[in-house]
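Visitor: Line order of the protein sequences matches chains D and Z. Under our numbering, the residues of the first sequence are numbered 1 to 112, in order. Under our numbering, the residues of the second sequence are numbered 1 to 113, in order.
If you are wondering where the hints come from, they were derived from the structure by calculation, not from laboratory data. Some clues are possibly wrong.
Straight-line Cα separation of at most 27 Å, BS3-like style, residue types lysine-lysine; simulated pairs [unchecked claim]:
1) Lys100(Z) with Lys41(D)
2) Lys81(Z) with Lys52(D)
3) Lys41(D) with Lys19(D)
4) Lys76(Z) with Lys19(D)
5) Lys100(Z) with Lys22(D)
6) Lys81(Z) with Lys18(D)
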Amino acid sequence: ETGVTQTPRHLVMGMTNKKSLKCEQHLGHNAMYWYKQSAKKPLELMFVYNFKEQTENNSVPSRFSPECPNSSHLFLHLHTLQPEDSALYLCASSPQRNQPQHFGDGTRLSIL
Amino acid sequence: GQNIDQPTEMTATEGAIVQINCTYQTSGFNGLFWYQQHAGEAPTFLSYNVLDGLEEKGRFSSFLSRSKGYSYLLLKELQMKDSASYLCAVRDRANTGFQKLVFGTGTRLLVSP
């Protein structure tokens, strides 16, 4: 139990569907992150929110839309995805300064 | 550009010692993290180095040389449960409030009996 919960754990969707990934942290952290993890590739940072404000968007396609309603919750809205978007999507949170990020178990996304 | 290099895969025997190397070339440096990730699970924090030298935590130690852009993770008295991927990540700038980490591809360690 890392204190960061992601739902669903697995998601299969067609290219025209709309779905959302959810992340919740109970650690009182101020920053939350979305990462993409593909086979044989490094973890890719997608978005960062600090105190609910988006501070980083790493040139992510607009078919991925993040939302952070408060410091404990983070969503990733998905729309018109491509097969290459199939991957493990990890959420993480961290307190300020040099403390480590805490990761959720991820959502395994498959695009048909 | 940002570049973190780690070996793709390593094998070792139960009870042995293994060293996983990581070299980095990043635009800045404000600390290096090691994470462990078992298949299908969340990465979990192992160690953090920001100054040169060795940090020891039980069976795991991590070393950093900033002048060489080099770190290693040392695992002693290997156990079967240590079979996992080990991720090296560099914090490339000193943001306040959040971290921007650049990750390597990870090293998959297989421990055999």
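Visitor: For the pair supplied as a hint, Lys100(Z) and Lys41(D), confirm whether the alpha-carbon distance does not exceed 27 Å.
Guide: The hint holds at about 17 Å.
Visitor: Given the hint that Lys41(D) pairs with Lys19(D), does the C-alpha gap stay at or below 27 Å?
Guide: Since the Cα atoms of Lys41(D) and Lys19(D) sit roughly 24 Å apart, the hinted pair holds (cutoff 27 Å).
Visitor: Is Lys81(Z) within 27 Å of Lys52(D), Cα to Cα?
Guide: 37 Å, violated
Visitor: Verify the proposed pairing of Lys81(Z) with Lys18(D), using a straight-line Cα cut of 27 Å.
Guide: Cα-Cα ~39 Å, so violated.
Visitor: Are the Cα atoms of Lys76(Z) and Lys19(D) separated by 27 Å or less?
Guide: 44 Å, violated
Visitor: Please work out if Lys100(Z) and Lys22(D) have their alpha carbons no farther apart than 27 Å.
Guide: The hint holds at about 21 Å.
Of the numbered hints listed earlier, those contradicted by the structure are 2, 4 and 6.
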